[in-house]
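S.K.: One-letter residues, chain by chain:
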Amino acid sequence: MAEITLEKVVKKYGALGVVHGIDLTIAHQEFVVLVGPSGCGKSTTLRMIAGLEDITGGLVRIGGQVVNDLPPRKRNISMVFQNYALYPHMNVRDNLGFGLKIAGQSPAEITRRVAEAADILGLAPLLDRTPAELSGGQRQRVAMGRAIVRNPDAFLFDEPLSNLDAKLRGQMRAEIKKLHQKVKTTVVYVTHDQVEAMTLADRIVVMRDGQIEQVGTPMEVFNHPVSTFVATFIGSPPMNLLPGTIAGQTVRLADGTEVPVPDRLKDFVHDGMAVQLGIRPDDISPVGHGLSQDGPGAEVALTVDLAEPLGMESLIYTRLAGQEVQAKLYGPRIAAPGEVLTFRLALDRAHLFDAATGKSVRVR
Amino acid sequence: MTVTVESRASKQAKKVALWLTTFVLMLVMCLPGLWVVLSAFRPNREILAKPPVWIPEEITLDNFGKIFGFGAEQVGIPVGSYFTNSLVIALTSTVIALIIGVAGGYSFARYRFRFKGGIFLGLMLFRAVPGIALSMPVFMMWSRLGLVDTKMGLIIVYVSLNVPFTIWLIDGFFRQIPQALSEAAQVDGCTRWQAFWKIEFPLAKSGIAAAGVFAFLTSWNEFALASQLTRSTDSKTLPVGLLDFTAQFTIDWAGMCALAVVIIIPALILTFIVQKHLIAGLTFGGVKG
Ligand SMILES: Nc1ncnc2c1ncn2[C@@H]1O[C@H](COP(=O)(O)OP(=O)(O)O)[C@@H](O)[C@H]1O
Ligand SMILES: [Mg+2]
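Just so you know, the protein sequences line up as chains S and U, in that order. According to my numbering, the first sequence is numbered sequentially starting from 14. According to my numbering, the second sequence is numbered sequentially starting from 37.
You may find that some hints are simply not true.
Calculated lysine-lysine pairs in the DSS-like style (CA-CA distance at most 27 Å, straight line) [what the hints assert, rightly or not]:
#1 S:Lys-197 <-> S:Lys-114
#2 U:Lys-241 <-> U:Lys-312
#3 S:Lys-114 <-> S:Lys-195
#4 S:Lys-21 <-> S:Lys-372
#5 U:Lys-241 <-> S:Lys-114
#6 S:Lys-114 <-> U:Lys-234
#7 S:Lys-87 <-> U:Lys-234
#8 S:Lys-25 <-> U:Lys-152
#9 S:Lys-180 <-> S:Lys-191
#10 S:Lys-195 <-> S:Lys-180
#11 S:Lys-87 <-> S:Lys-114
Some chain S residues near chain U, calculated using beta-carbon distances under 8 Å [unchecked claim]:
#12 Ala-63
#13 Leu-65
#14 Pro-84
#15 Pro-85
#16 Arg-86
#17 Ser-91
#18 Phe-94
#19 Pro-101
#20 Phe-111
#21 Ile-115
#22 Ala-116
No lab work stands behind these hints, which were simulated from the structure alone. Every residue, glycine too, gets a C-beta built ideally from N, C-alpha and C.
Working from the sequences, and respecting the hints, build out all of it.
M.R.: Following this line, the structure appears as structure tokens:
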């Protein structure tokens, strides 16, 4: 059992606070992704779990044991670094076997387990090469092989795919997911890429400025963002945010356009409240070219400013209430700039955020 | 068509000019060395001949026989002792300078500590002071401490002369090695110490070897301070020993040149080693993707 818990974990560099009291429980065999913009403290948090950074305050437990004062080698974790950190003076076989050798395993055992890991990751033909003779994707696989060969309690990944080109990144992402399905182990994965977070995670932890903004399954975080920060960070293209004021049963937008308050949010708003209306591009579509045609909605005529055809769909730039918004047109239809189309806003999937705090009105 | 021919011709001309310049420069640099080597193998009479004899008429090993104390003619110079002194002093001071250089270079490359920049700058400035300027105070201190004319005295001087350089060079090599390698090793089960010896040290080996060779050559060839701090066969080194060939009215050029060749040979061998290692140091890759 390797449950990882963080209790009020704090990291300071001198006077500079970087992580401000994080509470998080990562279940046995769970795949948790820490996601957030660059500099928000993801790597620092991961490195405190690994034992590569001192913990300024709070407790880190692995498998129930407090590990604050244990060096990395006593935590039985393994880590995949952003630049792979393969040992350049050793071939792939020795890179994979290094940890086992340090642990004093017999040569026969090392050979067996290296072969096993190489088999899982398709590294067998590369065992005699040095890291310099490998492509980016192959290095990535060796780094993962080095992580699994020791059979650790948990894998820690720090932006392992950020050095790969887009196509390879997609492939490796799938491999990491498959790997986790094969070797069920607790995983803590750090990335700034929300697509990686959505696709890989059992649970996403959205971080902001050294704090946890939201924890939830990918669908929870996508469908119920607790703040404008999460709403615009998760999902691509980002959610449109339109400032407005609650007036009775409607949201009055900046230019006076009135949009009904979604039924499920009626209990959370009061008259005169300053809000931001959040609608994803997928939920603003020309009538007959959207994803959801039933359920409550509002229809508005909007002018197409720009259309980016993506094949099965087009991303449309238009203006709503005096502000540029992005919308989606599904189906093989070309929209021309200047064209006026009737768009349907899927209000059952709209969000309202308190303009003062940026928090969802559902959060109290 | 003509344009390309012309440009090819001008390219050719440039190449030739470059080679000529290189050749002339090399000639200027190598000529004295060549003269020394040639003179080591011929008698004094031919060395002093006017007009100079460039192509030796007879090649002889007599000069070497003379300085090493065998053969017909002999000089009363204890070359053997000088050689031993030189070797002991240069090797010992190199080993010590390397140990300090590795520890210091690693610290500068990996750790943050107070006054780090100042200490580093101080070390480099110390290197900028010409050694000879320090010979007077060093001589006075050493005579108080009884270190004049001892190998120990010279070893201490050479260590302090070499340490700034070895620290600087080795620091550069450790800096090239990403910190993540040592961290990966620690996660893989190493102590900090094991991570250093198994990962970082082997990767910096070329740099350390290069620093060692430079330090050795500095100590091996140093003349100014050694000539002040040594007196007798207890501590006199080969470069100082060269002066023994100067009598009041005569200079035994042949003997001196033969000894100079004896000094140059280990230096040459080591220079070839450093060349190999410097290249090895520059080509180590595969760290980043
Ligand atoms: N050794 C350090 N000294 C001072 N500040 C640091 C150090 N390491 C990281 N930081 C700071 O801590 C913050 C969080 O860094 P990091 O955890 O690497 O962010 P992320 O991985 O989310 O991009 C950054 O603002 C960074 O500048
Ligand atoms: Mg990071």
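S.K.: Hints numbered earlier in the text: which of these fail when held up against the supplied structure?
M.R.: As far as the earlier hints go, not one is violated by this structure.
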